[in-house]
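Novice: Sequence:
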Amino acid sequence: MPPISDRDYTVACGQLASCMGISLASARRKVDIRAVREGLRAVDDKIALAGRMLEEIRSSGIDMGEVFNAQLHTVGSDDNFMVED
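Numbering (this note's numbering), first residue to last: 5 to 89.
It is worth saying that the hints were derived from the structure and are not from the lab.
The beta-carbon is built from N, C-alpha and C at its ideal position, and this holds for glycine as well.
Possibly wrong hints are sitting among the right ones.
What the hints assert, rightly or not - Label pairs and their calculated CB-CB ranges: (1) E59 x R33: 14 to 22 Å; (2) G43 x H77: 14 to 22 Å; (3) D12 x A74: 19 to 27 Å; (4) L44 x A74: 15 to 23 Å; (5) G43 x D67: 26 to 34 Å.
Kindly produce the complete structure, drawing on both the sequences and the hints.
Specialist: Dropping the structure here:
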C-alpha cells in the first residue's frame, strides 16, 4: 500500500508517535490498523482517529517514557550479562 502523502495525517501520526515514544511508521501502522477495525477509509477520518488516540493516551495518565525506562532496567541477575559475538 503506498503511503498517504497528506501532511495533516503525517503531523497527527507524528504527534502520536512523539507521545508514545515510537517511530512515525509504527504510529501510522497503529492508526491504520485501528481505522480498518472501525471501518474508516477517508484520510480525514484517519486524522480524527489519530487525534482521538492521542487524547486517549494523554488522558490515561500513563507516561510512555516511564514505561519505556522501566523496560530498560535490568533484573538483578542480569546486571553483568553480556552477549558475545
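Novice: Against this structure, judge whether each hint is valid.
Specialist: The hints, checked one at a time:
The hint said 14 to 22 Å for the Cβ distance between E59 and R33, and at roughly 19 Å that hint holds. Take G43 and H77: their Cβ atoms lie about 40 Å apart, and the range 14 to 22 Å is violated. A C-beta distance of roughly 33 Å is found between D12 and A74, which places it outside the suggested range of 19 to 27 Å. One distance hint, 15 to 23 Å for the beta-carbon pair L44 and A74, is violated here, with the actual separation near 33 Å.
The supplied range of 26 to 34 Å is met by G43 and D67, whose beta-carbon atoms lie about 32 Å from each other.
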